[in-house]
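> Listed below are the residues making up each chain.
Number of protein chains: 2
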Amino acid sequence: MAATIENPQKPDEAGLNDLVALVADGMKRVNSTILSRTGSDVAMIPEVANHLIASGGKRLRPILTLACAQLCGYVDEAGKDGDVKLAASVEFMHTATLLHDDVVDESDMRRGRVAARIKWGNEASVLVGDFLLGQAFRMMVEVGSLKALDILSAAATVIAEGEVMQLAAAKNLETSEDAYLAVIRGKTAELFAAACEVGPVIAQRSEAEQAAARSYGMNLGIAFQLIDDALDYGGTSTELGKNVGDDFREGKITLPIVLAYRRSDEEERGFWRRTLTRGEIRDDDLATALSILRRHGTLEETVARARHYGETAKAALDIFPAGPVRSALLDAVEFCVARAH
Amino acid sequence: MAATIENPQKPDEAGLNDLVALVADGMKRVNSTILSRTGSDVAMIPEVANHLIASGGKRLRPILTLACAQLCGYVDEAGKDGDVKLAASVEFMHTATLLHDDVVDESDMRRGRVAARIKWGNEASVLVGDFLLGQAFRMMVEVGSLKALDILSAAATVIAEGEVMQLAAAKNLETSEDAYLAVIRGKTAELFAAACEVGPVIAQRSEAEQAAARSYGMNLGIAFQLIDDALDYGGTSTELGKNVGDDFREGKITLPIVLAYRRSDEEERGFWRRTLTRGEIRDDDLATALSILRRHGTLEETVARARHYGETAKAALDIFPAGPVRSALLDAVEFCVARAH
Numbered sequence: 045m046a047a048t049i050e051n052p053q054k055p056d057e058a059g060l061n062d063l064v065a066l067v068a069d070g071m072k073r074v075n076s077t078i079l080s081r082t083g084s085d086v087a088m089i090p091e092v093a094n095h096l097i098a099s100g101g102k103r104l105r106p107i108l109t110l111a112c113a114q115l116c117g118y119v120d121e122a123g124k125d126g127d128v129k130l131a132a133s134v135e136f137m138h139t140a141t142l143l144h145d146d147v148v149d150e151s152d153m154r155r156g157r158v159a160a161r162i163k164w165g166n167e168a169s170v171l172v173g174d175f176l177l178g179q180a181f182r183m184m185v186e187v188g189s190l191k192a193l194d195i196l197s198a199a200a201t202v203i204a205e206g207e208v209m210q211l212a213a214a215k216n217l218e219t220s221e222d223a224y225l226a227v228i229r230g231k232t233a234e235l236f237a238a239a240c241e242v243g244p245v246i247a248q249r250s251e252a253e254q255a256a257a258r259s260y261g262m263n264l265g266i267a268f269q270l271i272d273d274a275l276d277y278g279g280t281s282t283e284l285g286k287n288v289g290d291d292f293r294e295g296k297i298t299l300p301i302v303l304a305y306r307r308s309d310e311e312e313r314g315f316w317r318r319t320l321t322r323g324e325i326r327d328d329d330l331a332t333a334l335s336i337l338r339r340h341g342t343l344e345e346t347v348a349r350a351r352h353y354g355e356t357a358k359a360a361l362d363i364f365p366a367g368p369v370r371s372a373l374l375d376a377v378e379f380c381v382a383r384a385h
Numbered sequence: 045m046a047a048t049i050e051n052p053q054k055p056d057e058a059g060l061n062d063l064v065a066l067v068a069d070g071m072k073r074v075n076s077t078i079l080s081r082t083g084s085d086v087a088m089i090p091e092v093a094n095h096l097i098a099s100g101g102k103r104l105r106p107i108l109t110l111a112c113a114q115l116c117g118y119v120d121e122a123g124k125d126g127d128v129k130l131a132a133s134v135e136f137m138h139t140a141t142l143l144h145d146d147v148v149d150e151s152d153m154r155r156g157r158v159a160a161r162i163k164w165g166n167e168a169s170v171l172v173g174d175f176l177l178g179q180a181f182r183m184m185v186e187v188g189s190l191k192a193l194d195i196l197s198a199a200a201t202v203i204a205e206g207e208v209m210q211l212a213a214a215k216n217l218e219t220s221e222d223a224y225l226a227v228i229r230g231k232t233a234e235l236f237a238a239a240c241e242v243g244p245v246i247a248q249r250s251e252a253e254q255a256a257a258r259s260y261g262m263n264l265g266i267a268f269q270l271i272d273d274a275l276d277y278g279g280t281s282t283e284l285g286k287n288v289g290d291d292f293r294e295g296k297i298t299l300p301i302v303l304a305y306r307r308s309d310e311e312e313r314g315f316w317r318r319t320l321t322r323g324e325i326r327d328d329d330l331a332t333a334l335s336i337l338r339r340h341g342t343l344e345e346t347v348a349r350a351r352h353y354g355e356t357a358k359a360a361l362d363i364f365p366a367g368p369v370r371s372a373l374l375d376a377v378e379f380c381v382a383r384a385h
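Going down the list, the protein sequences come from chains U and Y.
Take 45 as the starting number for the first sequence in the numbering used here and just add one per residue.
Take 45 as the starting number for the second sequence in the numbering used here and just add one per residue.
With the rest of the complex left out, here is chain U (with noise of 0.2 Å):
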């Protein structure tokens, strides 16, 4: 299928599309679960659930749930959907971690449309949330697994504790790059690697294979992040579904900012805490944001420790056997730093 693939000097001309490929009737499966599961006699639980799982976004989570298994030889057996059920919950969790960072960023758009919480207001967005997480934990259930039920509800906590040290670090100009990483580990990869350890998990392979499909979800994950942290001062919000600068409004530290704070002189400096720190955001400093970045080329760096972790997550799938579905699992990185493109 995609024998040259694997080649490195041809990366991210596939994107996706083989790893889609790979598991599309897996997440069929996924989808049709999800539009059950999100079921309620309460109609707002639909209505919000699905305004914002039917607004898309790549579902690359639950696609590394699926194509993990299957690297592993996982089996379905009986029709348990072990493989789907838990691809679902990871949906699930990931959804109600938008829906509640919603709330607590006091964001307006979501995936290029009104946020759930300024349709249906805060309330809605934390209780669909944690219906959410509930139905996630009973799929869980269903399948049976405590290794996996044990992975996930762990991620569940370094999630929140991830959140809970970004709110913290925020408009902290002193956060070292180690604090950074720390954040963005909890908020974003960590559910990248339980994703993917999940995988081995249920098809019962080696601790060793559990370990590699979590290392190579959380060196993804924070390749992942770190793109979007460049994209946020860089992409085109038809791309991105959220308009450039974003993070720049809420006074979010990303990495671009936390390696450009620390060469700027003092003027820049002034800018930075004025901006940043302080909220004071006038019209066009956000051009200047993004010239004093490019100054310091704190955007390539960026790029460049995400290709890094990108890296990092491909040669952890070194023990697994070459085939289209590990083809396709190195892809998937290329694809994600490619973005920054």
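There's no promise every hint is true.
Any copy, or any two copies together, can satisfy a pair, since identical chains are not distinguished.
Each computed DMTMM-like pair below joins lysine to aspartate or glutamate, with the alpha-carbon atoms no more than 20 Å apart [to be verified]:
#1 Lys-124 x Glu-251
#2 Lys-163 x Glu-150
#3 Lys-215 x Glu-150
#4 Lys-163 x Asp-149
#5 Lys-296 x Asp-362
#6 Lys-72 x Asp-125
#7 Lys-215 x Asp-290
#8 Lys-102 x Glu-218
#9 Lys-296 x Asp-152
#10 Lys-296 x Asp-329
If you are wondering where the hints come from, they were derived from the structure by calculation, not from laboratory data.
Guided by the hints, dock chain Y onto chain U, whose structure is given.
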């Protein structure tokens, strides 16, 4: 210990004392488990969690879990602390709900203290709630009972559904008694039911006993909430830890209102529409509301409804052999209902 307490002619004198004494050892371990499981390197998490958890409350839900396990002869094999961990999980689920409720209700006070969301912001309340939910599931996984996990994860979704139903019914004076009961079954009674049901489950007792414990908890929970509703128009703020009239000021349609609205004349209906639906509340409106409720006798009637559910709760325990634990559980019902006097 308490042979006379089972005598229905002598209710509520001992209150919760017997129940508290019977589970005292377990509750010590529950409390230290709560303390250790709110620990996090992220300092804000224990701060926020303990602000609420340390402010007390009766810990009725974990007490019920321990008591129902004890009633069913649960033996802690190899120090796994199954009952203790499930009890702590139940309290974490409850605390998470309170944190998220404060955001939903925009509350300023909780248990007589400033609400966490006022002190740390909505963000912290949402995220620390999520952290506690994650920790609750981790503890359940450690206990290793898939049935208990199933019951408590289902409860998490039902609670969220109940809260969303309440949201959808908010300010709607046409809410029927049935619709209101559906709301409180979800938002309050379901966790009482689950807290009780997991006792016989981990003691590996029959389905009939699981169902009986669940019915006890469900009906006790309904009674508990109805009494809370009545207290909100009649308790004193020191007893309740929140001010009389909170529900009124928030436009909550509780049973005393549901019953009164149907009996109100046109002028009174106009009053309810202005205050509860439109939220235009003046200084002496709470006094007027109280006098309308008293005129229609709906506070007493709400307490009578609570007493009915309390009797159903007590009858559910008939299949268990008489003894100090069953006696104390019967007392607990009286205690809950008697709070309204």
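> Please go over all the hints and tell whether each is borne out by the structure.
Quick rundown of the hints versus the structure:
{"no.": "1", "hint": "Lys-124 x Glu-251", "in the structure": "neither (23 Å within a copy, 25 Å between copies)"}
{"no.": "2", "hint": "Lys-163 x Glu-150", "in the structure": "both (13 Å within a copy, 17 Å between copies)"}
{"no.": "3", "hint": "Lys-215 x Glu-150", "in the structure": "within (15 Å within a copy, 25 Å between copies)"}
{"no.": "4", "hint": "Lys-163 x Asp-149", "in the structure": "both (15 Å within a copy, 17 Å between copies)"}
{"no.": "5", "hint": "Lys-296 x Asp-362", "in the structure": "neither (36 Å within a copy, 59 Å between copies)"}
{"no.": "6", "hint": "Lys-72 x Asp-125", "in the structure": "within (12 Å within a copy, 42 Å between copies)"}
{"no.": "7", "hint": "Lys-215 x Asp-290", "in the structure": "within (14 Å within a copy, 35 Å between copies)"}
{"no.": "8", "hint": "Lys-102 x Glu-218", "in the structure": "neither (34 Å within a copy, 43 Å between copies)"}
{"no.": "9", "hint": "Lys-296 x Asp-152", "in the structure": "within (15 Å within a copy, 27 Å between copies)"}
{"no.": "10", "hint": "Lys-296 x Asp-329", "in the structure": "within (15 Å within a copy, 45 Å between copies)"}
In this structure, the hints that do not hold are numbers 1, 5 and 8, in rising order.
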